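Peer 1: Residues per chain, in single letters:
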Amino acid sequence: MWPRLGEGGRRRERDGSLSPLEDVMADGYILRDPRALVGALLEAGWRVIAPLERDGSLTPEVVSAPDELPCGLVDMQAPGAYRLQQQDSGRWFDAVVGAQGWKRWLHPAERRLWTARRDADGFSIAPAAEVWPPTVFFGVRPCDLAAIARQAEVFRQAGDPAYGERLAATRIVAVNCTRVAETCFCASMGTGPGVSAVVDVALTELEQGLLVDCGTANGAALLRGMDLATAAPADIAAARAAVEAAARDQIRAMPPDIADRLQRASESPRWQEIAARCLHCANCTLVCPTCFCTDVTDRSDLAGDHAERWQRWDSCFSPEFSYLHGGAVRRSVAARYRQWITHKLSTWHDQFGTSGCTGCGRCITWCPVGIDLVAEARAFAEEEA
Amino acid sequence: MERPRIAIWKFASCDGCQLALLDCEDDLLALAGVIRIAHFPEASSRTEEGPYDISFVEGSITTEEDVRRIQEIRAASAVLVAIGACATAGGIQALRNTMDLGDLSAAVYPEPGWLDVLATSTPIADHVTVDAELRGCPVSKVQLVEFIAATLAGRTPDLPDVSQCVECKRAGSICVMVAAGIPCLGPVTRAGCGNLCPRIGRGCYGCFGPVTGANCAALTAQLRGLGLDEAAIGALYRSFNAGAAAFATEAKADV
Ligand code: SF4
Ligand code: SF4
Ligand code: SF4
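The listed protein sequences correspond, in order, to chains A and B. Sequential numbering of the first sequence, starting at 0, is according to numbering that gives the first Met the number 0. Sequential numbering of the second sequence, starting at 0, is according to numbering that gives the first Met the number 0.
In case anyone wonders, no lab produced these hints; they're calculated from the structure. In this text the structure is predicted, and so the values were computed from the model without any measurement. A virtual CB, placed ideally from N, CA and C, is assigned to each residue, including glycine. Fair warning: there could be bad hints in the mix.
Claimed, not checked - If you want a taste of the chain B side facing chain A, the calculated C-beta under 10 angstroms gives, among others:
| id | residue |
| --- | --- |
| 1 | Arg35 |
| 2 | His38 |
| 3 | Phe39 |
| 4 | Glu41 |
| 5 | Glu145 |
| 6 | Ala148 |
| 7 | Leu151 |
| 8 | Gln163 |
| 9 | Cys164 |
| 10 | Ser172 |
| 11 | Arg198 |
| 12 | Gly212 |
| 13 | Ala213 |
| 14 | Cys215 |
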């Protein structure tokens, strides 16, 4: 899947054709310093959310000043290990995805669904109101762009409008990856390292600055008024080459036929072997940008006059997650790990028409015992081969 | 409706869990409005006879007298709730369960002959039927108030049996084990404390005891990988919840 570079000013339609935009942009621009764009967006009143350095990782947070954008960071990722290093490269986007992705904004970890109050006639229920100001997600990687689209589809099918409403009020400035972490395998999942979907703005970091590629009228509106130099064909070629090189740098690749393989692996003794190593801690599912499962709890105050219903992230690894009348359906860790990987890599296709995995590698890095999704998938594939 | 009568009892413990109740600040007035404190010597010298609607029991059973007294409390209580690591797992004092009592008392007391204690420190549930357990060292105020509010409303209290890691991720805390190589018991520890340690960059000490089915052996293998020796690993499991089966077994596996 190759990045769409140098198609600025035109929008890729669903059928793959390019259509003109009213707001004509040239075939790409050069932005010297990403802080200039962030500054302009803040100035224009957008809430800008970008990966910022927090406690040794990158976390998408609200930016209050352009200088908060981290520069020179590189991430070392391996199964069960993550380290951010500060270098003096002067580069802005070498560190790829951190533990917490955009999910925590679009699908919050805890969310009040409604509030009930006792009144003269019994009780009344008020839905929870949410304030979502006009927002720009700045620095979304291609794998996460795919993850956002997949989660949006999940909630669309589920009939929960909140995710789509947040997304509709959000503009996206994506970043094509020109450096990958050891745990990245987006190339084999067809989601990166270059953006392949329609996106408002995509940036690609080059020696001479950032190539700016605008894909939608909304993106053009974000850039309006910025003083940007027009990119040369050589800049576009360099960007394409850098992204292609990043794809070649990926040392992990998902077996292409994994969806079918897992369908036939339900009784494999390998599930028990993995269960012996797995903590059933749920980290993999919680860092996964497509995992969407939640649990619902009721809270009431001591006086019994006020009650609230809350939704919060849950996981198929929680013993109580599959609790039905009489007990949990998936009691063993083997059954829970099987559920996770089979849904992610196989039955997601049946349910939502895509893989549930985008190849971001988070579940590999943030598993405290370093269980490697790709290695486990390969073992199943090879077992049968 | 008659306010339910509550009693708070103490066995071998540090009083920290009872203090958590007194520490409920904003909720204390609301609590006083909906429950009647019938027996709480730490808070009031006025005590009422049983029976009690709910008894909260702090502390572990360490003497013959404790064994007798907990039976009486059980008989006088409609609902009995064990609170804290001592009452639910034997507490830090359960460290003695794996050692010789004679040696220990001789090392600590000038006149060990005056001691009249059991060889082990055990949780309340080893002696009487316990209706609910609130974990923690100390218990969480939030869980205490939640338990009372839920009981009054006739709903199930929200005491999730998930790992501390779930609290980390919900809170947005960055994993200290993965991002800094800091040993952490979070993956095998039950959530509920409010993510106190990882959110400030410390590993979890396991105050809330093991999560159901805790796979301590897998965590131990990783702790070795982080460079901890057997003594350090054993010490991690041997703290406030040393007596909890999953931790006790794992600590032994490493001696
Ligand atoms: S399964 Fe793992 S690699 Fe795939 S999207 Fe989820 S966290 Fe990323
Ligand atoms: S695979 Fe890793 S992160 Fe996922 S539940 Fe098992 S130990 Fe935790
Ligand atoms: S810091 Fe500890 S509790 Fe939190 S995710 Fe990491 S291992 Fe789990």
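Peer 1: Decide, hint by hint, whether the structure agrees.
Peer 2: Status of each hint after checking the structure:
no. : hint   : in the structure
1   : Arg35  : violated (13 angstroms)
2   : His38  : violated (20 angstroms)
3   : Phe39  : violated (17 angstroms)
4   : Glu41  : violated (21 angstroms)
5   : Glu145 : holds (7 angstroms)
6   : Ala148 : holds (5 angstroms)
7   : Leu151 : holds (6 angstroms)
8   : Gln163 : holds (8 angstroms)
9   : Cys164 : holds (4 angstroms)
10  : Ser172 : holds (7 angstroms)
11  : Arg198 : holds (9 angstroms)
12  : Gly212 : holds (6 angstroms)
13  : Ala213 : holds (8 angstroms)
14  : Cys215 : holds (9 angstroms)
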